[in-house]
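A.B. asks: Sequence:
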Amino acid sequence: MPEQAQKRRLRRWEAGRGIRAVAMACLCGALALFVGVGSAQARTYPKIFSSIELPSKNLKKFPKWLDMIGRWKGGAPCDTDTCTTKGWAGLIDDLKDKDRLTQIKEVNKLLNSKKYTIDMRNWGKEDYWATPFQFLKKNGDCEDYAISKFMALKALGIPIEDMRVVALQDLNLGVGHAVLIVYNGSDALLLDNQIKTVVPANSIKHYQPVYSINENGWWLHRR
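Each residue of the sequence shown is one higher than the one before, starting from 19 at the first, in the working numbering.
Among the hints, a few may not be true.
[As the list claims (entries may be wrong)] Per label pair, the in silico range of CB-to-CB distance: (1) Lys223 with Gly108: 32 to 38 angstroms; (2) Ser204 with Arg139: 18 to 24 angstroms; (3) Asn220 with Gly142: 34 to 40 angstroms.
[Said to hold, decoys possible] Heads up, simulated EDC-like pairs for lysine to aspartate or glutamate below, C-alpha to C-alpha not over 16 angstroms straight-line: (4) Lys75 with Glu179; (5) Lys172 with Asp137; (6) Lys78 with Glu233; (7) Lys79 with Glu233; (8) Lys172 with Glu233; (9) Lys114 with Asp99; (10) Lys82 with Glu179.
Hint data in this document are derived by calculation from the structure and do not stem from the laboratory.
Note that beta-carbon positions come from the ideal geometry of N, C-alpha and C, so glycine has one too.
Modelling step: build the complete structure from the supplied sequences, incorporating the hints.
C.D. replies: Structure, rendered in structure tokens:
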């Protein structure tokens, strides 16, 4: 995809959030441009929402993601007015001996029970990427659900390369949104705070992915 076309696509995604952006502030920050195709993963994964993927290992263009990862890996146990560890160890312990699909479904169910709260109310910012301990204390918006699910499943032993947080456009609502995709065998499963149950990603037709990301790299998506 020519660079100018990529720029237009990313600008359209940001603009498409529309009048509901305040109510559903999700992953709006500065989207990175694709910086080169590389081998980001060894195995072949099913397509996400039937899109074409262009991979890169350069995560430097995603400072909010990297900042959240750094805070999560480097933080001490937290029990303050902004974060808490309460419930995290129990969640992991209760599910660690379950089969993978049960873990995926239960993590989705338990974390979807948290209340949706916009970043401006929690942090005084339009776009803040919370760690799971912050999410447990203060709830959060769509990327916070996806991040907490990612980290919970990682703690349960699901490989990083089998999961991605996906920034997308909800074509029905005309807003940005974020979800978690987990690959389970030949299936790409959707964990979405707007959907109660885990469903095959490609069963949802009104989502247009923009990019997906994990700790190993990121992927630009196009149709």
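A.B. asks: Compare the structure with each hint and give your call.
C.D. replies: Now the hints, each set against the structure:
1. Lys223 with Gly108: 32 to 38 angstroms: Cβ of lysine 223 to Cβ of glycine 108: about 37 angstroms, so the range 32 to 38 angstroms holds.
2. Ser204 with Arg139: 18 to 24 angstroms: Because 40 angstroms falls outside the window, the suggested range is violated.
3. Asn220 with Gly142: 34 to 40 angstroms: holds (38 angstroms)
4. Lys75 with Glu179: Holds, because 12 angstroms separates the two Cα atoms, which is no more than 16 angstroms.
5. Lys172 with Asp137: violated (24 angstroms)
6. Lys78 with Glu233: holds (12 angstroms)
7. Lys79 with Glu233: Roughly 13 angstroms between the alpha carbons, so the hint for lysine 79 and glutamate 233 holds.
8. Lys172 with Glu233: holds (11 angstroms)
9. Lys114 with Asp99: violated (29 angstroms)
10. Lys82 with Glu179: Violated: lysine 82 and glutamate 179 sit about 20 angstroms apart, past 16 angstroms.
Of the numbered hints stated above, those contradicted by the structure are hints 2, 5, 9 and 10, listed in ascending order.
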